[in-house]
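S.K.: If you want the building blocks of each chain, they are given just below.
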Amino acid sequence: MTDQPLYLDHAATTPLLAAAREAMAQGFERWANPSSPHAAGRAARAALEDARADLKAALGWTGEVIFTSGASEALALAIARSTVPLAAISAVEHDAVLRHGGTAARLSVDSGGCVDPARAALPGLVAVQQVNSETGVIQPLAEIAEAVRRAGGVLLADCAQGAGKLALPDADLIALSAHKFGGPVGVGALLVRDWRLMDPGGGQERGYRGGTENLPGVLAMVAALQAGNAWLALAAQLRRGLDAAVLAAGGEVIAAGSQRLATIAGYRLPGRSAAAQLIRLDAQGIAVSAGSACSSGSLRPSHVLTAMGLPADAAGEVIRVSIGRETTAAQIERFVSAWAAMIPDRASA
Amino acid sequence: MIYLDYQATTPLAPQAREAMLPWLSGPERPEFANPHSPHKFGRAAAAAIEVAREQVAALLPPGGRVVFTSGATEALNLAIIGSGRKRLAVSAIEHAAVLDTARYVDPGLTVLPVDADGLVSERCAIPDGTGLVAVMQVNNEIGTIQPVAQLAEQARRAGALFLCDAVQGAGKLDPPIGADLVAISAHKLHGPKGIGALWVRDGVLLSPILHGGGQEGGLRSGTLSPALCAGFGAAAALAHARMEEDAEHATSLWHTARAALPGFILNGSAAHRWPGNLNLRLAGLDVARLMSDLRDIAFSAGSACASGSGRPSHVLQALGLTDLDARNSLRLGFGRYTTHAELVGAARTIAAAAARQD
Chain U
1 MTDQPLYLDH
11 AATTPLLAAA
21 REAMAQGFER
31 WANPSSPHAA
41 GRAARAALED
51 ARADLKAALG
61 WTGEVIFTSG
71 ASEALALAIA
81 RSTVPLAAIS
91 AVEHDAVLRH
101 GGTAARLSVD
111 SGGCVDPARA
121 ALPGLVAVQQ
131 VNSETGVIQP
141 LAEIAEAVRR
151 AGGVLLADCA
161 QGAGKLALPD
171 ADLIALSAHK
181 FGGPVGVGAL
191 LVRDWRLMDP
201 GGGQERGYRG
211 GTENLPGVLA
221 MVAALQAGNA
231 WLALAAQLRR
241 GLDAAVLAAG
251 GEVIAAGSQR
261 LATIAGYRLP
271 GRSAAAQLIR
281 LDAQGIAVSA
291 GSACSSGSLR
301 PSHVLTAMGL
311 PADAAGEVIR
321 VSIGRETTAA
331 QIERFVSAWA
341 AMIPDRASA
Chain P
1 MIYLDYQATT
11 PLAPQAREAM
21 LPWLSGPERP
31 EFANPHSPHK
41 FGRAAAAAIE
51 VAREQVAALL
61 PPGGRVVFTS
71 GATEALNLAI
81 IGSGRKRLAV
91 SAIEHAAVLD
101 TARYVDPGLT
111 VLPVDADGLV
121 SERCAIPDGT
131 GLVAVMQVNN
141 EIGTIQPVAQ
151 LAEQARRAGA
161 LFLCDAVQGA
171 GKLDPPIGAD
181 LVAISAHKLH
191 GPKGIGALWV
201 RDGVLLSPIL
211 HGGGQEGGLR
221 SGTLSPALCA
231 GFGAAAALAH
241 ARMEEDAEHA
251 TSLWHTARAA
261 LPGFILNGSA
271 AHRWPGNLNL
281 RLAGLDVARL
291 MSDLRDIAFS
301 AGSACASGSG
311 RPSHVLQALG
321 LTDLDARNSL
331 RLGFGRYTTH
341 AELVGAARTI
351 AAAAARQD
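Chains as they are written, first to last, in my numbering: chain U, 1 to 349; chain P, 1 to 358.
Heads up, a few of these hints could be off.
Restraint ranges, calculated between C-beta atoms of paired labels, are given here [stated by the list, open to error]:
#, chain 1, residue 1, chain 2, residue 2, range
1, P, R29, U, A314, 44 to 50 angstroms
2, P, E245, U, A312, 40 to 46 angstroms
3, P, Q317, U, G207, 18 to 24 angstroms
4, P, A116, U, G207, 57 to 63 angstroms
5, U, A312, P, D174, 34 to 40 angstroms
6, U, Q4, P, R87, 42 to 48 angstroms
7, P, R29, U, A341, 32 to 38 angstroms
8, P, M1, U, A276, 32 to 38 angstroms
9, P, S292, U, V84, 53 to 59 angstroms
Now the stretches of chain U that chain P is said to cover, found in silico as 3 or more residues with beta-carbon under 8 angstroms [as the list claims (entries may be wrong)]:
#, stretch
10, 237-245
11, 305-312
Incomplete in silico selection of chain P near chain U, CB under 10 angstroms [to be verified]:
#, residue
12, Q15
13, P27
14, L205
15, A283
16, G284
17, L285
18, R289
Since the hints were made in silico from the structure, they are not lab data.
Ideal placement from N, C-alpha and C gives every residue a C-beta, glycine not left out.
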């Protein structure tokens, strides 16, 4: 048994890409305040605006961009400043949306974790994520967007897990976070199709956000996006093998029949709690998680899995394995053998 | 380029940059991990954040906790909105991050005036029923140090919370005594941009404004950056260790600059000030022209945030200066990494360019 670190928790955060680190280092040299009117400030401003244009080009986005401290802030900003009130959120949103949900309607999901587009046809702000952070399930956002628009509503998509991997959905407001795609923690963006969708507030970012801009973070985020995602083909191949190995060992793949992002999967090991699995794997230097990083310290069952109809005890046996750019077939093999060794029959044998 | 805009932002300390690098790792080392993940890589990152929290706490009063935010603007928003207080009193010279947020909460707020020296009176009247009083420690435009200990006491007697924007004072002065809430920003004390903190006195209850994963004891959701925290922590530790030395250097620079700019009139108190701020006016001076003539010197015509707007400074107006006086004013900000030679050179260049405007 090796103690080499094995990181399979890329949905929690990703290693910083070398190109992003490079861009960040350059940003540290350009420390003037982008709001200062002198030459140094204007140079920082120009770099910020170039980065904004580059981000739009990398994402294929033609609307506006508000740089934020991350997806949590972007989502809070969208919900607080949307010109239409929040009407509905999906039942499987991240806590960053869920906790702002208030009395908004909950859009239930089927056993595959998907929202029924017809139910999203509401005239207010409707929040549906692009990719679920625990199961990797991809929501049918094209159909949902069409339904929301037909009803005169506005679609907010939390794309923290999908951005940089999938094409942006056809949403009106989009939140993203750099550290989920190889950029640094502490920077993200809210994409806004049209300023008329938002009430202004704050002295920076075209009057829609206050606070000195984190230029090194922004430059690094853009560099990470520009690094591309050709590696996803290999990830998909690794994941097919991982799914097959889990099934063969007697495990269960969560939402196996749904369209899922190639990098995130939920696996259930019947008879072994997620907490016990995590402790065993952690002792071997293998980092995975139960649910999202933020909630995995808690013992409450995942709201995502229970919304899909899993009983609480079954939901408590599910771990999340998320692979990344540097994940290798040998690492997947090592994980599978460590994981399969915990299957109760084998463990007691 | 000679950088004389230390109130807008400060050069990143080499020590702060060094402290960040280990936490900006790629896949070769697990230091990039999410500090909220329960596995050992996450726990190591979380431990680094707690070390940084201690380092930052050393700049703040005892008896409270440090909540990391994306910067002072967010910290001030969290303090003002999160306090739930609806009737507010703020000084006339607060930064826009306080003024705009306070007006959003209480359009009828009380404005505490300043005298011609830019100081809030220690005995200013706080109306009955005021829920929160906000007065900054050091003004960002004119550098005046406010009597925050006395004002905090006034607020306490009125039954109000006292919020202190200590962005310009943190790491330079002792922490504001008696405050209930203190906001600070890393990049104003040679740390990185994108991180700040709100200090919350024990027993003061706040509601979060950013909901989500429940980080920072539920008060501020969002993944924390171990790199930014470590950079902030290192910058705070350095400022703490060098506090006396930095203050002596700034004082010495201040005398140098004053001597090199004869004829300029000081805006704000000469006695109650942070010496790294020199806000000056000269009758008839066209500051916009001066800035475009002197592209190699980075200085400001007001606070960086407002100076792009063209609107006259609300701070200089509050001192009783006319719009014309305000437009004749410039701000030089200097500190730890400014040399006497740089400052003298810049001051002479400014004086000569001003003389050419006649």
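S.K.: Can you name, in rising order, the numbers of the hints this structure does not satisfy?
M.R.: 1, 2, 4, 5, 6, 7, 8, 9, 10, 11, 12, 14, 15, 16, 17, 18
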